[in-house]
Amino acid sequence: MSYRRLISATALAGVLLAAFTAVRADDSKYPNLKGQWNTLSPRGSFDPDKPPGRGTLAPLTEEYKAIYEANVKDQLAGGHGTEPSYMCLPPGMPRAMIAYESMEVVVTSETTYILIDHIHDHRRIHTDGRPWPAEIEPSFRGHSIGKWIDEGNTGRFNVLEVETRGFKGPRAYDTSGLPLHSDNKTVVKERIYQDKADPNILYDEITTIDSALTRPWKVTRKYQRDPNPFPWWREVVCTENNQHVRIGEENYMIGADGLLMPAKKGQVPPDLRYFRQGDATGATK
Amino acid sequence: MLLRSSLGAFALLATLLLAFGVQAHDESKYPNWEGKWNRDPGPPRYDPSKPPRRGQQPPLTPEYQKIWEASLADQAAGGQGNDTTHRCIPVGMPRQATSGFPIEIIVTTKATYILFESSFASPRKIHTDGRDWPKEVEPTFAGYSIGKWLDTDGDGRFDTLEVETRHMKGPRQVDNSGLPLHEDNKTIVKERLSFNKTNPDTITNEVTTIDNAFTRPWTVMKNYRRMQGELAEDNCNESNNHVDIGGQIYYLSADGYLMPAKKGQQPPDLRYFSQAQ
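So the sequence lines, in the order shown, correspond to chains W and G.
Counting along the first sequence from 1, when you hit position 36 you're at 35 in numbering that gives the first Met the number 0, and nothing is skipped either side.
Counting along the second sequence from 1, when you hit position 43 you're at 42 in numbering that gives the first Met the number 0, and nothing is skipped either side.
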């Protein structure tokens, strides 16, 4: 009887141990990234050191230069070109790190989360030493594996190196529609670290390797911590006020009065073949 | 010179403390809720102990019972009723506590985060740092949540997270039947997430919703089960085939044409187009 009790007690202790496993044993080894981070780099251009649009001079292949130019032309005509977020699709990586909204970095020993409440673009960076999975379900944000580094042997981690793969598209670098390759074989490598002199400044060195580029493209984006101990976190809902409607291959707008309107000059209205003949109203016959 | 060195050393120390000044705390005091969770099987509904739709027997005021009946009738005719998910806007609290889609829980000493696989729900941040309610809060679908960890059995470890959520905005419903919450958005949601010590892969959430559309606080019990794997990325907008034009909901057909969602539905007004198709 006492033997059975001992087994039961041991089993219960095992369950409790699993239940309360401490996964973050030594927080003092990790940098303090708590708080709200806001971008100091311009949101309009993926490369903060270059002007947006054509001025970015991204190292695109000839094929993708032509795609980009067609996109610019379409945007000038009132379209969206290759910029997919007008329909509230997540920006995905690497664009998510533009940080259109405030960013929170939650560090645990097994995972570092980068939470950006923009369009469902929260990131999970595994730092538990796992290998790349044999198969990855493609996503806009991709699958991220990271490693904390103690550069300079300070006794504490100070750089997070991240590699992200396993994407789906369409994705663009920024609002100009600067495209990533449709094969979605993008690899994004990052080095995330605080400024040595000012821990309230954070850098992300982002290197993008993509079949639409002639070489790896590196940019460095910069963020600043809000000094407010209780910052306000906005809830951003792209769909709440989105005035864009896509019907078939055409993009239309919803006017202030709720009516459908063209997004481009001379745009034909949607085909109403599935409505009863004679029901259509409004358009000039 | 000595003073300048001391000041320099002090400044350096202050910088280092700020950089690495993570409060020491005992993580083993908190339950291991990390990973992916989902609700018990069955149709999504506010009260899992009762059948969906009218079977929920909600304590609605007569005014909101009428609003709900109209929603049910509209849905029966092919409409969406009060249910706003066709617009891909977040369902908000308390509906997102139903966990109609997998969730991930991240426990830290200052906050507990609940992330959602689906874009139907905004992430929740439950502040557990002892803060008071702020004087002004911008309303959100997820609301503003303050929580407190409890050690209910005195064993030196936390086992229960009590949460209160206020400052929601609308429109919100408690389920996909369009069961409405009051448009004044004065909802208060109280939760008690309890850890099951004999089965660490389950969490019980006692949810009480206090709302002016109800005649009394409505308390239900929800269970979450730990799942294998990690949250996927479910973007409502990627495959939403509903189109809202002028308050009318239409469908997009598989071949990309606009089509009626209800029998005899009028097509959209195309007065702003200069040519017929």
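Check the hints yourself; a few may be wrong.
[Stated by the list, open to error] BS3-like, lysine-lysine: derived pairs with alpha carbons at most 25 Å apart:
no.	chain 1	residue 1	chain 2	residue 2
1	G	Lys109	W	Lys28
2	W	Lys221	W	Lys188
3	G	Lys185	W	Lys33
[What the hints assert, rightly or not] Listed next, the stretches of chain G that the computed footprint assigns to chain W, with coverage defined by at least 3 CB atoms under 8 Å from CB atoms of chain W:
no.	region
4	137 to 145
5	230 to 241
6	260 to 272
[What the hints assert, rightly or not] Restraint ranges, calculated between C-beta atoms of paired labels, are given here:
no.	chain 1	residue 1	chain 2	residue 2	range
7	G	Asp39	W	Pro130	43 to 53 Å
8	G	Glu229	W	Gln242	32 to 42 Å
9	G	Ala75	W	Lys264	34 to 44 Å
Hints were generated in silico from the structure; no laboratory data involved.
All figures in this text were calculated on a predicted structure; none of them were measured in a lab.
Don't be surprised by glycine CBs; every beta carbon is placed ideally from N, CA and C.
Here is what the structure says about each hint:
{"no.": "1", "hint": "G:Lys109 x W:Lys28", "result": "holds (18 Å)"}
{"no.": "2", "hint": "W:Lys221 x W:Lys188", "result": "holds (16 Å)"}
{"no.": "3", "hint": "G:Lys185 x W:Lys33", "result": "violated (31 Å)"}
{"no.": "4", "hint": "137 to 145", "result": "holds (count 4)"}
{"no.": "5", "hint": "230 to 241", "result": "holds (count 7)"}
{"no.": "6", "hint": "260 to 272", "result": "holds (count 10)"}
{"no.": "7", "hint": "G:Asp39 x W:Pro130: 43 to 53 Å", "result": "violated (33 Å)"}
{"no.": "8", "hint": "G:Glu229 x W:Gln242: 32 to 42 Å", "result": "holds (34 Å)"}
{"no.": "9", "hint": "G:Ala75 x W:Lys264: 34 to 44 Å", "result": "holds (43 Å)"}
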